[in-house]
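Novice: The residues making up each chain are set out below.
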Amino acid sequence: MITATVETRDNYLNHEYGVKSWLLTKDHKRIGLLYLAAITFFFFLGGIFATVIRLELLTPPGDLVSAQTYNKLFTLHGVIMVFLFLIPSIPATLGNFLVPLMIGCKDLAFPKINLLSWYIFMAGGACVLYAMLQGGVDTGWTFYVPFSTSYANTYVILTGVGIFISGFASILTGLNFIVTIHRMRAPGLTWFRLPLFIWSMYATSLIQVLGTPVIAVTILLVAVERGFHLGIFDPALGGDPVLFQHLFWFYSHPAVYIMVLPGMGIISEIVSVFTRKKVFGYRFVAFSSVAIAVLGFLVWGHHMFVASQSVYASLVFSFLSFFVAVPSAIKVFNWTATLYKGSISYDTPMLYAFGFIGLFTIGGLTGTFLATLGFDVHVTDTYFVVAHFHYIMVGGTLMAYLGGMHYWWPKMTGRMYPEGWAKLSALVVFLGFNLTFFPQFIMGYLGMPRRYHAYPEEFQVYHVLSTAGASVLAVGYLIPAIYFVWSLRFGKIAPDNPWNASGLEWQTTSPPPPENFEITPVVTYEAYDYSILEEMKVG
Amino acid sequence: MANHSLALRHQFDDVEQQKDASTFGMWIFLATEVLFFGGMFCCYTVYRSAYPAAFGHASNHLDLILGAVSTAVLIFSSFTMACAVNSASTGARNALVAFLGITILFAAAFLVIEMSEWRMLYKEGLMPGFNFTYKEFDPGHVQLFFCMYFAMTGLHASHVTIGIGILAIMAFRAWRGAFGPDYFTPIEISGLYWHFVDLVWIFLFPLYYLIARHLQG
Amino acid sequence: MAEHIVTKKQYSYVFGALLLLTFVTTSVGMMDLGRLNVIVALVIAVIKALLVVLFFMHIYWSTKLNKLVVVAGVAWLALLLWLTLTDVLSRGWLPFPGK
Ligand code: HEM
Ligand SMILES: [Cu+2]
Numbered sequence: 015m016i017t018a019t020v021e022t023r024d025n026y027l028n029h030e031y032g033v034k035s036w037l038l039t040k041d042h043k044r045i046g047l048l049y050l051a052a053i054t055f056f057f058f059l060g061g062i063f064a065t066v067i068r069l070e071l072l073t074p075p076g077d078l079v080s081a082q083t084y085n086k087l088f089t090l091h092g093v094i095m096v097f098l099f100l101i102p103s104i105p106a107t108l109g110n111f112l113v114p115l116m117i118g119c120k121d122l123a124f125p126k127i128n129l130l131s132w133y134i135f136m137a138g139g140a141c142v143l144y145a146m147l148q149g150g151v152d153t154g155w156t157f158y159v160p161f162s163t164s165y166a167n168t169y170v171i172l173t174g175v176g177i178f179i180s181g182f183a184s185i186l187t188g189l190n191f192i193v194t195i196h197r198m199r200a201p202g203l204t205w206f207r208l209p210l211f212i213w214s215m216y217a218t219s220l221i222q223v224l225g226t227p228v229i230a231v232t233i234l235l236v237a238v239e240r241g242f243h244l245g246i247f248d249p250a251l252g253g254d255p256v257l258f259q260h261l262f263w264f265y266s267h268p269a270v271y272i273m274v275l276p277g278m279g280i281i282s283e284i285v286s287v288f289t290r291k292k293v294f295g296y297r298f299v300a301f302s303s304v305a306i307a308v309l310g311f312l313v314w315g316h317h318m319f320v321a322s323q324s325v326y327a328s329l330v331f332s333f334l335s336f337f338v339a340v341p342s343a344i345k346v347f348n349w350t351a352t353l354y355k356g357s358i359s360y361d362t363p364m365l366y367a368f369g370f371i372g373l374f375t376i377g378g379l380t381g382t383f384l385a386t387l388g389f390d391v392h393v394t395d396t397y398f399v400v401a402h403f404h405y406i407m408v409g410g411t412l413m414a415y416l417g418g419m420h421y422w423w424p425k426m427t428g429r430m431y432p433e434g435w436a437k438l439s440a441l442v443v444f445l446g447f448n449l450t451f452f453p454q455f456i457m458g459y460l461g462m463p464r465r466y467h468a469y470p471e472e473f474q475v476y477h478v479l480s481t482a483g484a485s486v487l488a489v490g491y492l493i494p495a496i497y498f499v500w501s502l503r504f505g506k507i508a509p510d511n512p513w514n515a516s517g518l519e520w521q522t523t524s525p526p527p528p529e530n531f532e533i534t535p536v537v538t539y540e541a542y543d544y545s546i547l548e549e550m551k552v553g
Numbered sequence: 005m006a007n008h009s010l011a012l013r014h015q016f017d018d019v020e021q022q023k024d025a026s027t028f029g030m031w032i033f034l035a036t037e038v039l040f041f042g043g044m045f046c047c048y049t050v051y052r053s054a055y056p057a058a059f060g061h062a063s064n065h066l067d068l069i070l071g072a073v074s075t076a077v078l079i080f081s082s083f084t085m086a087c088a089v090n091s092a093s094t095g096a097r098n099a100l101v102a103f104l105g106i107t108i109l110f111a112a113a114f115l116v117i118e119m120s121e122w123r124m125l126y127k128e129g130l131m132p133g134f135n136f137t138y139k140e141f142d143p144g145h146v147q148l149f150f151c152m153y154f155a156m157t158g159l160h161a162s163h164v165t166i167g168i169g170i171l172a173i174m175a176f177r178a179w180r181g182a183f184g185p186d187y188f189t190p191i192e193i194s195g196l197y198w199h200f201v202d203l204v205w206i207f208l209f210p211l212y213y214l215i216a217r218h219l220q221g
Numbered sequence: 126m127a128e129h130i131v132t133k134k135q136y137s138y139v140f141g142a143l144l145l146l147t148f149v150t151t152s153v154g155m156m157d158l159g160r161l162n163v164i165v166a167l168v169i170a171v172i173k174a175l176l177v178v179l180f181f182m183h184i185y186w187s188t189k190l191n192k193l194v195v196v197a198g199v200a201w202l203a204l205l206l207w208l209t210l211t212d213v214l215s216r217g218w219l220p221f222p223g224k
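Residue numbers (the numbering used here), protein chains in the order written: chain P, 15 to 553; chain E, 5 to 221; chain B, 126 to 224.
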């Protein structure tokens with residue numbers, strides 16, 4: 015069979031066999047795949063909740079599910095998608111797989127801790143699943159007090175504990191990456207020769223390490239307050255519910271950058287390879303990642319404009335919020351400039367990259383609308399906000415994630431995916447996405463509040479469009495799920511460097527050997543220097 | 005040299021890199037710990053600034069002398085921990101085990117003092133959620149003080165307990181001769197953790213025992 | 126990077142200083158100095174913390190990178206406090222209903 019040649023080469027997949035060799039592995043590549051399996055499960059689970067939500071919203075009356083059930087649906091959708099899918103998505107799968115390969119070392123600095131982080135993540139996920147099976151939780155993914163501490167009759171503590179635990183998985187991944195990127199780079203691989211994906215993983219890790227502990231302790235306080243009937247945030251005892259929101263958003267605004275920064279890193283890689291050019295303004299793009307990570311911590315109050323935060327603080331936060339838009343815009347401009355006069359090829363990863371750039375821009379621009387105090391007061395808690403963050407999280411991060419999966423699939427599995435189907439599904443995803451979420455901008459602007467299961471008839475047309483779009487989107491996600499699995503057996507054998515890319519990960523075999531490189535690479539050129547490929551062929 | 009190659013994990017090029025990476029990793033972990041406790045310090049600051057008088061009244065129910073003694077005990081354990089690292093670096097195995105033992109002992113003493121304080125508060129009806137009967141000055145906000153007090157000292161005590169566990173493992177390994185002058189990174193990073201636990205208490209002590217006593221408004 | 130070994134004698138000086146500062150801060154805590162109480166207690170706490178971090182934890186002899194981590198941890202905590210207090214301390218500054 016066609017597989018013969020590849021199977022004989024020793025690689026990380028055939029080096030050892032059996033369930034035990036996976037569950038006890040310390041190989042970052044295998045741990046990346048373990049994470050991939052886990053988050054794919056959570057993605058489809060969260061998707062099921064979204065489907066029921068969209069079906070309920072097809073008609074104005076709340077007829078399909080009760081109000082309480084509806085609350086549980088959007089809560090579980092949010093909790094699972096944010097904490098169990100998006101946060102770990104790119105860092106824990108592609109990041110885990112690629113960071114050591116891209117910087118030319120054998121593994122992460124702490125392989126055991128890496129495996130531990132997967133188990134911690136699974137334990138956290140199991141708690142959330144258990145809470146779900148017990149009857150779910152209805153506080154929204156934001157767990158606002160005093161509802162979550164004193165009034166909700168659902169499994170708040172159990173879900174909270176799940177998030178608390180999975181938070182540590184995220185911290186450990188970030189810690190591992192920071193140490194690895196600082197200490198383990200191949201000889202000659204200076205900071206400014208690093209691929210931009212590494213820069214973005216580094217910036218992401220900073221946020222994971224500096225932000226996550228705060229949400230952990232906040233959720234802990236909520237659980238303790240609820241469990242022992244204390245009064246830490248309870249206004250009845252002089253506690254301050256707005257303080258909870260400060261602590262929550264101190265993490266959760268930066269967390270949106272945990273979700274999108276890795277995506278930006280992927281886009282930088284893809285745009286460069288498929289235009290055959292260096293990323294325009296490499297240093298600006300690199301530093302903008304770190305700038306986003308830092309500035310992202312200064313703006314959290316823009317989620318609290320109507321939460322009885324002081325007007326003065328709202329002014330400050332509104333003002334600061336505009337600064338985050340600057341490094342984000344730098345990236346968009348530089349990707350666009352990279353396209354200029356490039357020899358662009360429209361392979362699937364590039365299609366997703368185009369999708370990302372457009373949709374992220376819309377999401378980011380509407381973000382600045384929302385950061386405008388006067389405008390936000392009108393549209394806060396409406397579908398406008400829902401559309402805003404879905405443009406970034408789904409239109410941005412998820413597109414980048416899929417683009418990255420296609421781009422590195424040959425390296426991960428040694429197989430090519432079917433290009434025709436892949437292009438089709440990229441198109442379906444793009445169309446389905448816009449059909450789902452663009453109408454939400456309009457209805458939000460017109461006043462449709464979020465988190466309601468029934469609504470006035472005048473909004474029905476937008477909801478019908480949105481639900482129709484969601485069905486298309488679902489098809490767009492199912493197609494890759496099917497052909498990726500298919501390709502594992504029937505895909506064409508992938509060459510070592512199918513895209514003619516210059517990164518170190520492409521200079522080893524596909525799939526890579528357990529130790530990544532036969533000999534430790536020595537780096538003498540900058541990232542995205544495609545002329546080096548010609549020299550290597552000659553030399 | 006034999007020791008070196010035994011202790012070197014495959015992903016590292018040399019022992020120096022491995023040691024650097026471990027300490028660096030530990031420092032990053034401690035930074036996350038700063039923010040972990042930081043969330044609670046933030047709550048404390050907000051409530052203390054909002055209700056100084058209630059905090060003043062509440063603070064007087066804590067035993068200042070007990071607080072000072074437990075501070076001294078913890079500082080002493082930090083000192084013996086530092087000595088343990090020093091012994092490890094000179095390869096003095098018995099001294100290393102002894103210093104770790106003393107550190108554990110004083111850590112346990114700290115916990116005993118803390119528990120006696122908690123028990124006292126429980127008996128006085130000052131433990132929210134379990135027995136809170138305080139009715140005098142502004143009970144709501146006094147309760148808030150004690151909620152934060154128990155949350156923060158409780159979190160700290162859990163760290164002390166984990167620390168004791170880690171140090172016990174280290175003492176056992178040291179006793180078995182796992183460390184020598186050229187390999188004692190685990191001792192060093194456990195030491196960092198232990199000093200961090202001490203650091204937190206260095207702030208908890210003044211915040212709860214000292215700075216509000218005279219504010220009774 | 127050469128390993129810096131600190132002697133037990135040096136540690137004992139640090140320990141002595143820490144003990145002394147604990148004594149001072151406790152004694153001052155018993156007196157009513159008004160606002161000064163807070164300042165003295167916190168300044169002493171910071172000095173003690175510095176002693177522990179610099180000498181017991183060897184940051185004084187450590188790499189720049191480790192120093193940076195310490196600074197970052199403290200700076201982020203400061204950020205959390207600072208921007209939260211921006212709200213908490215300024216409620217009611219502007220004459221709008223609902224704070
Ligand atoms: C250009 C930068 C951005 C700005 C200025 C911005 C601004 C805002 C503002 C002001 C809100 C609050 C709206 C309201 O509740 O009334 C908001 C909500 C939100 N944003 Fe953004 N945003 C930006 C980027 C992002 C990114 C990159 C993501 C995700 C990856 C994101 C995810 C979210 C989410 C999840 C919410 C809703 C939270 C909730 O209440 O459930 N934003 N954004
Ligand atoms: Cu935000």
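It is possible that some hints are incorrect.
As the list claims (entries may be wrong) - Partial list, derived from the structure: chain B residues whose beta carbon lies under 10 angstroms from chain P:
(1) Ser137
(2) Tyr138
(3) Gly141
(4) Leu144
(5) Met156
(6) Asp157
(7) Leu158
(8) Leu190
(9) Val196
(10) Ala197
(11) Trp201
(12) Leu208
(13) Thr209
(14) Arg216
(15) Gly217
(16) Leu219
The hints are simulated quantities; they were obtained by calculation from the structure and are not laboratory data. The beta carbon of each residue, even a glycine, is placed where N, CA and C say it ideally should be.
Novice: Taking the hints in turn, state whether each one holds.
Specialist: Hints, one by one, checked against the model:
{"no.": "1", "hint": "Ser137", "verdict": "violated, 33 angstroms"}
{"no.": "2", "hint": "Tyr138", "verdict": "violated, 33 angstroms"}
{"no.": "3", "hint": "Gly141", "verdict": "violated, 34 angstroms"}
{"no.": "4", "hint": "Leu144", "verdict": "violated, 31 angstroms"}
{"no.": "5", "hint": "Met156", "verdict": "violated, 29 angstroms"}
{"no.": "6", "hint": "Asp157", "verdict": "violated, 25 angstroms"}
{"no.": "7", "hint": "Leu158", "verdict": "violated, 27 angstroms"}
{"no.": "8", "hint": "Leu190", "verdict": "holds, 7 angstroms"}
{"no.": "9", "hint": "Val196", "verdict": "violated, 12 angstroms"}
{"no.": "10", "hint": "Ala197", "verdict": "holds, 7 angstroms"}
{"no.": "11", "hint": "Trp201", "verdict": "holds, 5 angstroms"}
{"no.": "12", "hint": "Leu208", "verdict": "holds, 7 angstroms"}
{"no.": "13", "hint": "Thr209", "verdict": "holds, 5 angstroms"}
{"no.": "14", "hint": "Arg216", "verdict": "holds, 4 angstroms"}
{"no.": "15", "hint": "Gly217", "verdict": "holds, 7 angstroms"}
{"no.": "16", "hint": "Leu219", "verdict": "holds, 5 angstroms"}
Hints 1, 2, 3, 4, 5, 6, 7 and 9 from the earlier list are contradicted by this structure; the remaining hints agree with it.
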